[in-house]
Amino acid sequence: MALTKADFAERLFDELGLNKREAKEMVELFFEEIKNSLESGEQVKISGFGKFELRDKNSRPGRNPKTGEEIPITARRVVTFRSGQKLKARVEAYAGTE
Amino acid sequence: MVSGFLLECFKKGTPAPFLSAGLKVTKSELIEELAKKQPHLELRDVELAVKCILEQMSNALASGERIEVRGFGSFSLHYRPPRMGRNPKTGDSVALSSKYVPHFKPGKELRTRVNESREKYKIVD
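Here the protein sequences come in this chain order: A and B.
Just so we're aligned, residue 1 is where the first sequence starts under this note's numbering, counting upward by one.
Just so we're aligned, residue 1001 is where the second sequence starts under this note's numbering, counting upward by one.
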């Protein structure tokens, strides 16, 4: 069971009293705003949670793992996430059930 | 009122660390932007909503639950097996137990949008 946008919206409706439409819009805009920032080259830092960072990667030689054929991996920009201290500590404490 | 430290930075021409923070988007800037886009809501409500979403995300990960947001990406936990570490000061080895770390995998839309705009925007940091 994974947490989804519908779950976030449900909670905003239950806890903050936003109506369903407002709650849904808020969740959409929240993720859209982070995407917008990253798209325009701005990294996003959310204290207590983590940082969404951008990295420009040079092209490098790669391989098709199935055929072994060599194919270059093109230069690209990627998003990485670094969790903040607080989140890290909370997750570390998770004992795991699987 | 300008603090002595700020004034020092200004005189030396070195940027104060927290002044340059404007270039990176922070939680409060995110809240401001979201408030602008939803003028029918009070700033206070937007703030609470953002905190509520983030808290849910942290709570989910802290209890081992995945998060899946279409177009944005997914968060999950990655297992790290136990290992022998070292105290960097004394050089003593210490047994470190296994643990979980948060992992984010960007979704297809985010990956594409970020990559396609790389010629247009420099990375700001």
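Please keep in mind that the hints were generated in silico from the structure rather than gathered at the bench.
Cβ atoms here follow ideal geometry from the backbone N, Cα and C, with glycine treated the same way.
Wrong hints could be hidden among the right ones.
Below, simulated BS3-like cross-link-like pairs (lysine-lysine); rule was C-alpha separation at most 27 Å, straight line [claimed, not checked]:
| id | chain 1 | residue 1 | chain 2 | residue 2 |
| --- | --- | --- | --- | --- |
| 1 | B | K1036 | A | K45 |
| 2 | A | K24 | B | K1099 |
| 3 | B | K1051 | A | K45 |
| 4 | B | K1105 | B | K1089 |
What follows is a set of in silico ranges between Cβ atoms, one per label pair, in the way DEER data are often shown [stated by the list, open to error]:
| id | chain 1 | residue 1 | chain 2 | residue 2 | range |
| --- | --- | --- | --- | --- | --- |
| 5 | B | K1036 | A | K20 | 30 to 38 Å |
| 6 | B | E1068 | A | A95 | 20 to 28 Å |
| 7 | A | T67 | B | I1123 | 17 to 25 Å |
| 8 | A | E10 | B | N1087 | 28 to 36 Å |
| 9 | A | A89 | B | N1087 | 13 to 21 Å |
| 10 | A | P61 | B | E1032 | 42 to 50 Å |
| 11 | B | K1051 | A | T80 | 21 to 29 Å |
| 12 | A | R60 | B | S1028 | 18 to 26 Å |
Now for the hints, and whether the structure bears them out:
| no. | hint | in the structure |
| --- | --- | --- |
| 1 | B:K1036 <-> A:K45 | holds (19 Å) |
| 2 | A:K24 <-> B:K1099 | violated (34 Å) |
| 3 | B:K1051 <-> A:K45 | holds (14 Å) |
| 4 | B:K1105 <-> B:K1089 | violated (35 Å) |
| 5 | B:K1036 <-> A:K20: 30 to 38 Å | violated (22 Å) |
| 6 | B:E1068 <-> A:A95: 20 to 28 Å | holds (23 Å) |
| 7 | A:T67 <-> B:I1123: 17 to 25 Å | violated (34 Å) |
| 8 | A:E10 <-> B:N1087: 28 to 36 Å | violated (46 Å) |
| 9 | A:A89 <-> B:N1087: 13 to 21 Å | holds (19 Å) |
| 10 | A:P61 <-> B:E1032: 42 to 50 Å | holds (44 Å) |
| 11 | B:K1051 <-> A:T80: 21 to 29 Å | holds (24 Å) |
| 12 | A:R60 <-> B:S1028: 18 to 26 Å | violated (38 Å) |
In the structure shown, a violation is registered for the earlier hints numbered 2, 4, 5, 7, 8 and 12, in ascending order.
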